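Given the structure of chain A, go ahead and fit chain B onto it with the hints provided.
There are 2 protein chains.
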Amino acid sequence: MDITNRFSENPILTPKMVKPSTPSVGIECLLNPGVFWFQGKVWLLVRVAERPEQQEGTTTLPIYNQAGQLELMTFRNDDPKFDDSDKRVFEYDGAHYLSTLSHLRLLSSHDGIHFSEDPEYGPIFPLGEQETFGIEDCRVSQIGDTYYLTYTKVSPTGVGVGLITTTDWKHFDRKGMIFPAHNKDCALFEERIGGKYYALHRPSSPSIGGNYIWIAQSPDLEHWGHHQCIATTRAGYWDCARVGAGAAPIKTEAGWLEIYHGANEAHRYCLGALLLDLQNPSRVLARSEEPIMEPLAGYEQTGFFGNVVFTNGHLVEGDTVTIYYGASDEVICGAQLSIKEVLKSLGR
Amino acid sequence: MDITNRFSENPILTPKMVKPSTPSVGIECLLNPGVFWFQGKVWLLVRVAERPEQQEGTTTLPIYNQAGQLELMTFRNDDPKFDDSDKRVFEYDGAHYLSTLSHLRLLSSHDGIHFSEDPEYGPIFPLGEQETFGIEDCRVSQIGDTYYLTYTKVSPTGVGVGLITTTDWKHFDRKGMIFPAHNKDCALFEERIGGKYYALHRPSSPSIGGNYIWIAQSPDLEHWGHHQCIATTRAGYWDCARVGAGAAPIKTEAGWLEIYHGANEAHRYCLGALLLDLQNPSRVLARSEEPIMEPLAGYEQTGFFGNVVFTNGHLVEGDTVTIYYGASDEVICGAQLSIKEVLKSLGR
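Chain order of the listed sequences is A and B. Just so you know, the first sequence maps onto residues 2 to 349 in our numbering. Just so you know, the second sequence maps onto residues 2 to 349 in our numbering.
These are computed hints drawn from the structure, not numbers from a lab. Treat the hints with care, as some may be off.
The list treats identical chains as interchangeable, and a pair is accepted whether it falls inside one copy or across any two copies.
Claimed, not checked - DSSO-like, lysine-lysine: derived pairs with alpha carbons at most 30 angstroms apart:
1) Lys-176 / Lys-345
2) Lys-197 / Lys-17
3) Lys-176 / Lys-197
4) Lys-82 / Lys-171
5) Lys-252 / Lys-176
None of the values given here were measured: they were computed from a predicted structure.
Looking at chain A on its own, in the form it has when it is part of the complex (with noise of 0.2 angstroms):
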């Protein structure tokens, strides 16, 4: 099932559209937006995925050291040790390493559709040992005057959620890592419910339990406590094997919206929605059967990794949810859906 309606102007952001950070390199994928209001403009806050031109023979990965330089190793693709059947993660001799270094890119739009970027508003770069393997996938939500951005740190001592605060886009407040490894897909609720703030989050487990979405509380938005597991995959479903959660919960009358994403075992990523009680978000009321959303357009299933619609990010204006996505990891898109229509397909 689908039911949205992608923008005719699709995809609207792809790699040749953006200057590589540094000459060395290339982009290989922009990937996964956080969208926000700021200035009366529309922005998209893209994850830049990039690596340095390929040699024969060899595989070329970029990492940030901790100076917050770009260094390279190289692999021989004869190696034995060496396994690169996952184009997004490599494995050497039991260590892994991602494929491409990802960065965050600020751009806005009067219309929502045609992005660019303003050299006032610069980049986002990894910075320091939590980060050295990159920064991916930021959510933005708005508390008050403040944007809270919640995204993925990768290094080899693991995978977890940041935060970073900013007023206007142009200092940043690091907070450190608020769930710790393996954790990505944090979506943080834009207000309190019983003088908690809450967050969506979604750890990973080498045994006993999987990728599952979670809750948690805070008082802070920067210490997290009381975790639940809101929803596991489901076998035989389009999203057995893996969920979590996209962006900001929308609240309706008829309980917390949640557009989250699943992915079987092929990997082919879809969209569907949770509902989670208003004034008890750890209670799901309803859950997609069928996704709202599949890669149906050839651009969601042709690319870097195919088969993919992703998102954390999104516009709420009245009945309408205007969604940027990555699609097949490589391009970034658009579309809508009216919240009555995904209400009604969970049954309300």
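Just chain B, lined up with the frame of chain A:
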């Protein structure tokens, strides 16, 4: 290397010395006690692992259902989907199940060697949907008059760290899950540092990262942030496969002294030490090159899961640390260490 003096009475507690929680099960193992002083006596909070009597050709596992009742699951041993090659965690059709179900039992002693149960102080049983596969390996930290119990909560949704507080060991206040899946081995510092509480914990990652020791900060012991990895496994060492904190760090003039466990690929568990900066405990000053304790005694080499010494409880009196530890995942033992000698082994 081994610089401990084992109790001559070891093992001090064996499965036969404790009664099962219900007649339908037997006690397979006593494991890894938390340790504390209370009412002038030494107390152990022992993990008791039980399972029903097994019938030939099948394997029966116990779980708690959400109503808090014991339920049994039976698998045919010749079912090709059933894998019991790890005696601790069985697999069926991709899902993992613990071979035993654990609860926590209080035993006390006047001499620290001979322990017995007191009907006034009952067991702590698993409770709720996060503990249907049991509760395990409880650390006990004391801050003021309050005891803080950090323990492993196990259920199909994952393995995480729970917090319970008590002042009288009769009334328990459950504070939910403080570190989400996959996490274990949480040791709380017993005082604030720079106004913040600190904890060591051990997340595990399915890819990128591993089974490493992390540190976190909290304003209230219930909500945690600022997670940082402080000790990874070390290739070629005795702790090359997994490491995890033991009991509360011991404050010394040289720094916070943490006795931790490390295991190699063959699942041989030894103990080592970490020395952390007094003002900034995320800074590691020294770490054991060689173990300070190895499974050398017969009862440490042979048992339910052999070649294991594992501690998460100790008493500190002057220069002497009395550790209580699980041997071969089956019996409880005691041993003493000199803080000076441990520091000397760290080059201090």
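Evaluation of the provided hints:
1. Lys-176 / Lys-345: The answer is neither: 39 angstroms in one copy and 37 angstroms across copies each exceed 30 angstroms.
2. Lys-197 / Lys-17: The answer is neither: 43 angstroms in one copy and 47 angstroms across copies each exceed 30 angstroms.
3. Lys-176 / Lys-197: both (18 angstroms within a copy, 15 angstroms between copies)
4. Lys-82 / Lys-171: Classified as neither: same-chain Cα gap 43 angstroms, cross-chain 56 angstroms, threshold 30 angstroms.
5. Lys-252 / Lys-176: Answer is both: 26 angstroms inside a copy and 28 angstroms across each meet the 30 angstroms cutoff.
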